[in-house]
Amino acid sequence: MAPLMELRNVTKTFGGGENRTIALDDMTFGVEPDFPHIITIAGESGSGKTTMMMLLLGFYEPTLGTVLYNNVNIWKMSRSETVDFRRNVQAVFQDPFAVYNPFYKVDNLLSIPIKNFKLANSKKEARQLMENALTRVGLRPEETLGRFPHQLSGGQRQRIAVARALVLNPKLLIADEPVSMVDASLRATILKQIRELNQDLHIPILYITHDLTTAYHVSDYILVLYRGSVMEAGDVEQVIRDPKHPYTKLLVNSIPWPDPNQLWGEAVEASTKKVTAEHAGCKFASRCPHVFEKCLQSQPPLFISSEALLKSTVGHASACYLYEGSDVLTKDQNLIQLFHK
Amino acid sequence: MKGFWDYTKRNPSFGIGLFILLGLILFSTVGRLFINQNDAYTQTVDFNQPPNSKHPFGTDNQGRDLLAMMVLGTGMTLEIGAIAGGVGLGAGIVLGFVAGYYGGLFDTILTSIIDVYMTIPSFLILILVATTFRSVTLGVTEMGLIVALVSWAGSARAIRAQVLTMRERPFVMMAKLSGMGSLEIVMKELVPNLLPFLVMSLSNSVYGGISSSLGLEAIGIGNRRNPTMGMTLFYVNYYSAFLLGLWWWILEPVVVIVLTLTSLVLISIGLDEIANPRRRRKV
Amino acid sequence: MSTPLIEIKDLRTYFYVRAGTVKAIDGVNLILERGVKLGLVGESGSGKTTMALAIMRMIKPPGTVEGQVLLDGVDLVKLSGEEMRKTRLGQIAMIPQGAMNSLNPVARIRASMVEGMTDHGIRLSKEEMNKRIENLLEIVELPAKVARMYPHELSGGMKQRVTVAIAISLRPKVLIADEPTSALDVVIQRQVMETITRLVKELELSMILIGHDMGLMAQSVDKLAVMYAGKLAETGDVRDMFADPMHPYTQALISSLPVLGRRGVFHGLPGIPPSVINPPVGCLFASRCPKVIAGVCVEQNPVLREVKPGRWVSCHLYKE
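Protein chains in written order, with our numbering: chain A, 1 to 341; chain B, 342 to 624; chain C, 625 to 944.
Simulated from the structure, these hints should not be mistaken for lab results.
Beta carbons: idealized from backbone N, C-alpha and C, even for Gly.
Heads up, none of these hints are tricks.
Pulled a few chain B residues facing chain A out of the computed Cβ check, cut under 10 Å: (1) Gly520; (2) Lys529; (3) Glu530; (4) Pro533.
Take these sequences, add in the hints, and give me the full structure.
Okay, structure coming up:
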């Protein structure tokens, strides 16, 4: 099935000369319309996860490669194709205050897309749509509509942003750290609504975060990024319980689980070999405790774990020469194929 | 309206500045009812008269009634400032928004022009331009437009900078995702947010405009018949009012100038508070 | 039985503003024993950061601090300005939120570290000072060369370690850390937290860790205190609190958290955090409480009681 949205060998670099950073490195990833799952794009700062979102939303132009929606390059779309793209690919952002223009009432966040995408035939119908969506996310329309952003709490504002996604019923939703700036007690509610968007409306959702606990809680599959490349990908339960890639192991080991019986275990040993010179190999080499010669020569491709396949569960791949010998997912293949049974 | 009054109470700088400015405007408009406009131009034999019952503001050395001159002249100076400020800011807004939001080649060209333009002393430009006109054709409007020639650049640059920071904000991204077109975003999302900044820029522009016009007029460039503040000072200097001890002739334009400029500065300071929001947002 | 290091009795911090009285901290009683790491957790509006400022007497007008904060028997609230200044850093040190971004960008690390010490009258020869700085950097696991560097040359984690080094430079008895790792990536976060807990143990300090991340609390502290709307809801041993939370707020908070082995189950807490301006009588959690009792919960303020040994809860559900 042709992907709904696709990054085809996309590379994004910033700056030039000595200050050149490769934010995303030759990434091929596609979301398929009949695969409505929540996929986490996980990584720390500098991993490329935000860049990936900005590329998918058409806010950054790729340096190399193409970004496609319904098989059309989004940077070469006609006016009507662009409208369709904008209508069907939506987002929930991190900062519950910054997405609102402080000048206008919060109703705007909902009413403007309804108007622009002609989702209602009359003002009354539009109002009805808005009220339904707000009730669905656990808000009371009479307490939220007509207010200005600063009059509501962060949790309320973020829920309105989720209600907006409900109203628009897009074909793809990208959620960028939707709960990191929200109080702990409200996170579960918002994550639940995101889950419901996915389960009830069958919308595939890309969940971008650095917080693996919420990723574990809400998503099905996970991609772990490090400095612009995918290090590991697979079922989220599997990847977190049994990480294959040394970087993922380091990440998972550092998760502060809210459970005093699940304390940080043995610290993962830092690499004793000093790898300081520039090399064309694995990006994690300089921090990896298992680094060897081959790691410095070329970047490892994604090796598909054979034991996972044997158990006939979903694919689990990691970009590490420790797993050399297994089947390889090439750079031109869509990562999402990994998650198909 | 009540909100506005409350705001002026909380922001005394803005309130006082506005108050003074309104007072000056009233003086120059309502004041006309109390004077005979011709008195500002007609030369009489009552020259060099200190303030008295017939001439409450005194007369100058040509026998012109200073009250009439002040009333008319204040209005003229304010008008020059308004035109200079308004046109200068208007051009600055259009150029600044287009360069800031759309970027690209236009932005690069505009920034280069502004950078070069602003290194040339504005006063030189003004003198060069103004002296190509015959002084009698330099009415208030013309003076305003000439002065606007130098004020647009600073505004454009400042506005461009503001637009650049706003462009990356999540609410602009949200607007794009909601199907809003670029022009719509500029008009509906960016301009309202920049309103305080724009009003402050207007205040600064008007200030600059008045200052520049004073500079030109004080050295005699401009319509010598117009009793603007600058022209009055020109004559004060030309006819050695200091040596003759004609204090009222010196004091009056100076007071008006000080009041005008101070009120503009106060307004600007007052608006700076909301133009630079450092509100901490609690989530 | 040694006396507790810090005893906070009926601490109140009110801000008198035009709109009314903001009761940021409304009668908090808390004890910190020697060598114990206490986690103070709460959401926005709970008053947790205000607690740190109140203890350090850094509340500015229109805020007032009333009640007692006894440090080794000395009431900090009653100290003079000069005496309190000496107490800060010397006896009780704080790493405020965003500390790493407050390092003087034009001063070398060494200068920032020396500043705190000389302000407190420490006079050492150049060699002695260098030695002390090297020693401090070693405690926070930074190489000695950091002393000669500027803040912008250091990573986030390293800058944060420098702020810790500054905080312990005069060997205080208590270290208060307010969200020390909030801006750091998860791997660095673990490393910095482990450095802090290790040095707290080595130097025999007591620590108050303030934050909203229950995960970090579970990993790093011995005792936990949960704040809600300016009051203390519950406090006790951290393991006990997680295993058997007693206050409905704590229960809701803990059950809403993601844990390994429990995916896809979301227990959110309805409602919004309360405002602490002119708060009404009665329990401020009542409107959101799943176990609210009609009548008493809205009419009477619950009192913090020791419901079982070492466990204090402020809830009408528990009669002593």
